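Novice: So the chains spell out like this:
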Amino acid sequence: MGTNKSPDLLPGTLDLLVLKTLARGRMHGYGISQHLKSISDEVLEVGESSLYPALQRLLLNGYAEAEWGVSENNRRARYYTLTPDGRKQLTAERKEFDRMILAIQKALA
Amino acid sequence: MKLFRRIRFWLRARQNAADLAEEIEFHRSMGGGPANTTMGNTTLAREDARAVWIWPWLESVMQDFRYALRNLRSHPGFALVAIAALGTTIGLTISLFSVFNAVALRPWPVDDPSHVFNILALNDRRQPSGFSLAEFRYLAANSKTFTGMIAQRDNQNVDLADSKAACSWVSASYFRVLGVGMRAGRGFLPEEDDPEAPQAVVVVSDAFWSARLGSDPRAVGRTIRVEETPFTVVGIAASDFTGTTPGPVDLYVPMAAASILQPSAAWMKAFLTSPDHCCSRVAGRMARGLSKQQGEAELGVLHNQFQNQMHQESRGVRLEGTAFIATGKKDKIVPIFAMMFLGVTLVLLLACANVGNLLLARAAARRREISVRLSLGASRTRLIRQLLTESLVLAILASGLGLASAYWLPPLVFRYAVSDVLSFRLTPDTTVYFFALGVSFVVCLMFGLAPALAGTRTGNTRHRLRGVLLAAQVALSVMLLAGASLLVRGIQKARMQDPGFQISGVSIASFELPASSYDAARTRSFFEQLTRELQGNSDNRIGLARLAPLGRATNWNSFRMPGETDKQRKMVVAHDANAGYFDVLGIPILAGRNFAASDADRKVILVNETFAQRFFNGDALGKSVVMNGPTEIVGIVKDAYTRGLDEIDATIYSPITGNAIPLALFRSAPESADRLKAVLQQLEPRARMSVTPLSDNLDQWLRASQAGASIAAALGMFALVLATIGMFGVFAFWVEQRRTEIGVRMALGARPSQVIRLVVGASSRSVAVGLIIGFAGAIGASRLLVRFLYGLSPLDPTAYAGVAIVLGAAGLAATYLPARRATKIDPMTALRCD
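Same order as they appear, the protein sequences are chains A and B.
Using the numbering used here, the first residue of the first sequence is number 27, and each one after it goes up by one.
Using the numbering used here, the first residue of the second sequence is number 505, and each one after it goes up by one.
A hint or two may mislead.
[Unchecked claim] Below, computed lysine-lysine pairings styled on DSS-like, alpha-carbon distance capped at 25 Å:
no.	chain 1	residue 1	chain 2	residue 2
1	B	K1142	B	K1074
2	B	K1107	A	K121
3	A	K121	A	K63
4	B	K648	B	K796
5	B	K773	B	K796
6	B	K796	A	K114
7	B	K1127	B	K1074
8	A	K46	B	K506
9	A	K132	A	K121
If you're looking for bench data, these hints aren't it; they were derived computationally from the structure.
Just so you know, these numbers come straight off a predicted model, no measurement behind them.
Please model the entire structure based on the sequences and the hints provided.
Specialist: Right under this line is the structure:
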């Protein structure tokens, strides 16, 4: 599905990263991708063709809500906020992710 | 919740797509220059993001549908039987609904029909009636709740130069208020409806324009001769306007122009101007944002004001929608529809039980498949959804078939049952489509849910459900057959019944006189002369009557006893007749005398037995009642079903007046019609005459009920076939399942008769329960039929015995083959099979 610029991401990881990013507060799509890029020392470069489906999935599952607002440079931008459900999902996915990483590390050790 | 969000997304699909496009555009512009390679194809990104909302869900639904279709295709026999049974019954249901829709739901084909109402005044019997034209003008001028009003008279046949046409008199406001445009021409001008200055102008219907004026592009401005007067065509009505009366209309003329069409009619001036001259139908377009109650209240006040000026009492105004049924025919039409819906619903239930049984048998056959899927981890809900999707596919295919039949079945039945040309728009519209869709969902749940639940259950409860379905089929078919046989017996009884007067060998002649030169006095003297000429040399008498026996119209009149007030007036059937009427129809005079020539200017009446019994305890002769003035009862005649075969009404016979052209009744002999014609031509060369046998009226009278009985009989037969197939299926399946058991029994020495008893006995309890419920239900429901039975008891033993015999035969037929197959089971083969 589309061009994923982070081929090394485990399936479902992008949703987790976006959730985590949104946990910091209201953000628009471009802001999310910039945040992920800078926080990972430019390793995670999330293209729009994976970011926006991921955001739509969050909306569909009720983990996030979207509303139009004004961006830093005074343009109309769509801002995403985490819902309580989203927060719960973040914790759950986080746990699952840790379990997975642990398992992989064990397997590779 | 997820489904809800999904639906909300699709409800605002366009907005959401725009949002996505905008935010991706924003993202892109923030990202900067062309060197940025993270920017892929934005359209693709948008599509992928949107796909999140549909994909998995739609895919699984599509998968279910594909699977269902494949499954049906691999069992064509089952699919055909199920679709045929359901399609036929759903077709009946949809057809009935589309007739109901045309009669009761569809408003007039006018602009914004939801604001157009029929306006009815309540008369002293609190029944809705119309208004005088004077009052119509008063209401139209003073109402604030209505932006416009129209008045209309029922269609009349008029003579054109070479043919006849249906003509309706309407107020000049008609087309403007209804928002009906002109295909060509200007329509009526307000000043063309002035009683003081009538204009000979006419608007023609689109159908008339194309059929009779040859679609002449210059038709507007042409003149056509109506009743020998040239009328100027001022408009051709829009092609989709089919009129506001049940019958088709060819010509519309302004009310005032009626005085041009019938210059010598004595009542014309009163009709156009007098506040007392009832009644024209009035309708209006209500201002937006007002309620029906506000309109009723305002018109009630105006009506009261107007009636008070005339020193009359008013009893309120009622507003009704413009669907056909609203025009005072509700009481007659609704019970008929209720009954037919009941019958059709029973058949639909029967078909559902039938198909449900087939599905159940299939579920048993698919037991292995289902348990494999369950053990592979499919959830039960998922499997139920799958099975229900199969049922839905069946139901939708059947509804499609049903909808197709709704295009041709209602017009066909209508043509058979109703002799009048009615311009109902029977073609299914959106309402009917939605109904069809609704029916397929309901039906799908009715026949699909129980087998789906039972089929995915791991325990073994299936025998009970099959028994219930069998009992339901038997019960439903008993009820349908009982209803049908009661109706058929009822119509038989009506046919055999002695109507109390001579029908065969009597003919009716109806006349047309040039309306322009015959007023009441001249009409009366003309017919006196006609009967004198004809009777002069023989005792072959001629009966004259205003209305024919068993005709479609009935005349009612009111009377009171001397000393009573006008408020105590009672309504009775009123016939105008001459002395010959009783001779020709063979209605004996029981007491007193017949009309005599000397009665012409005296106020005398004859009454029938029922009248004498009801109002005078039989002792009516020589008594007086007050009609227009004191009137003496000079004779009592024997009761006869002259109005209709359903019951005898208290009836008054008054001497013929000249107010309407009477009909002539005479004993048909080869030369009598010719002689009548000869005398008529000699007295008035412009007169025309047509003769029909009186038995035509009887046929017509019985026709609607006969159509009803035929429909009921057809439904009953159809139900019987469905039930027989259903029972056959159950027995055959039972035998198939018990092959081994039967084989063992036969190996152990069971005789064929014992095997047959086993087969029959297995379902006998369900059948017995079904029979009991069915007969109880039929007896309970038969009360609803009373008004269609012509006096036959709803508990008529013959009808019920007939049902029992027919059903018994069907049951035998259904068990015979399976039972025979059971006795032919070879024990060895059966045992080796498993």
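Novice: Please go over all the hints and tell whether each is borne out by the structure.
Specialist: Results of checking the hints against the structure:
no.	hint	result
1	B:K1142 with B:K1074	21 Å, holds
2	B:K1107 with A:K121	107 Å, violated
3	A:K121 with A:K63	23 Å, holds
4	B:K648 with B:K796	13 Å, holds
5	B:K773 with B:K796	34 Å, violated
6	B:K796 with A:K114	54 Å, violated
7	B:K1127 with B:K1074	16 Å, holds
8	A:K46 with B:K506	22 Å, holds
9	A:K132 with A:K121	17 Å, holds
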